[in-house]
Amino acid sequence: MSVSAASAASAGTGVFVLSLMSIPICYLFNSLIANSAQAFIFAGCSTVIILSIAHVMFKKKAPADPLFYVYAVYAFFSVVNLIVGLEQDNIIDGFVTFYLRQANPHINTAHGHMISYWDGCVHYLMYLLMIAAITWGDSYRAIGLYWVGSFLMRAIVYILGSTVGKHGTEVNYFLLLHMLYISVSVWACFRIFSQPSTQEDELTEAEQKSLLDRPLDLLFIIYLVPAFAFCVFRGLVVLDCSSTWCQEYTQQYEPYLKDPTAYPKVQMLVGMLYSGPYYIITLYGLMVPGCEWMPDLTLVHSGALAQAQFTHICASLHTRTPFSYRVPAGGQPVFLLVNILYALMPQALCYRCRTMPAFFLRLTRDKKTE
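The sequence shown begins at 1 in UniProt numbering and counts up one residue at a time.
By construction, these hints were calculated from the structure, which means they are not laboratory data. Given the structure is predicted, the values throughout are model-derived calculations rather than measurements. We put the CB at the ideal spot given by N, CA and C, even for glycine. Do not take every clue at face value.
[Stated by the list, open to error] Pair by pair, the computed Cβ-Cβ distance ranges are: (1) Gln347 x Tyr27: 35 to 45 Å; (2) Ser31 x Tyr284: 54 to 64 Å; (3) Leu219 x Pro277: 19 to 29 Å; (4) Gln251 x Ala358: 43 to 53 Å; (5) Leu317 x Glu292: 35 to 45 Å; (6) Met356 x Leu32: 48 to 58 Å; (7) Lys258 x Leu177: 22 to 32 Å; (8) Ala64 x Val288: 36 to 46 Å; (9) Pro226 x Gly94: 39 to 49 Å; (10) Asn108 x Leu32: 21 to 31 Å; (11) Leu176 x Asn108: 13 to 23 Å; (12) Met179 x Asp89: 26 to 36 Å; (13) Pro322 x Leu177: 26 to 36 Å; (14) Ser139 x Leu344: 18 to 28 Å.
When you get a sec, could you build the whole thing from the sequences and use the hints?
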C-alpha cells in the first residue's frame, strides 16, 4: 500500500472513530448541562470542537474536498441521533435525557422518533460511504444524490410540519442550529450536483428498441400509473376530501394521516406536488430515448421516497402515535403491502436506470454521421 493510500485509509478510519466519540461526549454533557441555554451553547461549541479536532487529526492527510469535513461532522451527529432514538425507546438511559426534555417538541413525536433512527442508521452509512469514496479519490455522486433526495424530503417536511402543526408555537434555540444544518446541507447538495457524471457514453441496440421489446420498462410504466394515482389520492385525503373513498380509507387503513402534528399531512402534500409530476416525467423518460437526466432523477426520488415511506410506515404503527391515529389491526396487512411496494418500486426503477443506462444516452454527432 502506498503512503498516500495509507493516509487516505487512516483519514477515513479517523472519521469513524470521531463519530463514536459522540457516545461518551453525550453521556458526559448530559450530566453537566443544567438549562436550555447551556444546552444551546453546548450544541454550538460541540460543532466547533468537532471541526477543530477533525482539522487537527486530518490536517496532513485529509482530502481537499470540503465535504469531507461536512460529512465527518454529520456522521458524529448521526450517532447522536441514534442515541436519541434508543433512549426514547428506553433501550439506553442517561445519554440525552436533558435534550429530550428541552429540544424542539418534534423530536418526541412518532415522526421525529423515526427521523432519529433513519439519520442514525441510513444517513450514517451514507456518510461513511461518501467519506470512504472521498479518501480513496472515487466518485460519490450516486450516493450523494440518494442522500440529497433523503435530506430534501426530511428538511421540507420538518420545516413545514413544525410551522403549521400543533407544535408550531413551541420553538427554541435548537431550531436555529437546525436551520444552520439545513443551510450547510443545501450547499452540499449543490456541490454534489456540480460533480461530473460517471456514466459511460456507450450506446447499444437498446437505444433503438421499442417499448414492447423492453418488458421491464413496460412493467415500470404500468406501475407508474397507479403510483401517480395513489400519491394524488393521499394528497386529497389530507386536504379533507369529502369523498366516501377518502373517508373510508382514512378510517380503515391510514388514520395517521389526520395526526394533529401535521407531519404526515405535509408529507403527503409534498408527495402529491413533487412525486406526482415526477411520475409523469418518468413515463416520458421511459418511452422516449435519450433522456440523460433519468438516472440522476430516479436516484434523488428513490432516496426521498425511501426516507418518506420508512418514516410514515413506522410512525403509523409506533406507540408514540396516539392509539386513535394508529393503523387498525384489521387494516395492517393492506397498509403494509401497499406502502412497502410503494417504497420498493422506485428503488428497483433506480437500479434499472443506473445499471442499464443505454436507453437514456443520446447519440453523438459522430455516431449519427456513421
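Hint check:
1. Gln347 x Tyr27: 35 to 45 Å: Roughly 37 Å apart at Cβ, these two residues keep to the hinted range, so it holds.
2. Ser31 x Tyr284: 54 to 64 Å: With Cβ atoms ~58 Å apart, the hint holds.
3. Leu219 x Pro277: 19 to 29 Å: holds, 22 Å
4. Gln251 x Ala358: 43 to 53 Å: Distance hint for Gln251, Ala358 holds at roughly 47 Å.
5. Leu317 x Glu292: 35 to 45 Å: holds, 40 Å
6. Met356 x Leu32: 48 to 58 Å: holds, 55 Å
7. Lys258 x Leu177: 22 to 32 Å: holds, 31 Å
8. Ala64 x Val288: 36 to 46 Å: holds, 40 Å
9. Pro226 x Gly94: 39 to 49 Å: holds, 48 Å
10. Asn108 x Leu32: 21 to 31 Å: holds, 22 Å
11. Leu176 x Asn108: 13 to 23 Å: With a Cβ separation near 19 Å, Leu176 and Asn108 satisfy 13 to 23 Å, so the hint holds.
12. Met179 x Asp89: 26 to 36 Å: holds, 28 Å
13. Pro322 x Leu177: 26 to 36 Å: Once the Cβ atoms are compared, 29 Å apart, the range 26 to 36 Å for Leu177 and Pro322 holds.
14. Ser139 x Leu344: 18 to 28 Å: Check passed, 26 Å falls within 18 to 28 Å.
Hint compliance for this structure: every hint is met.
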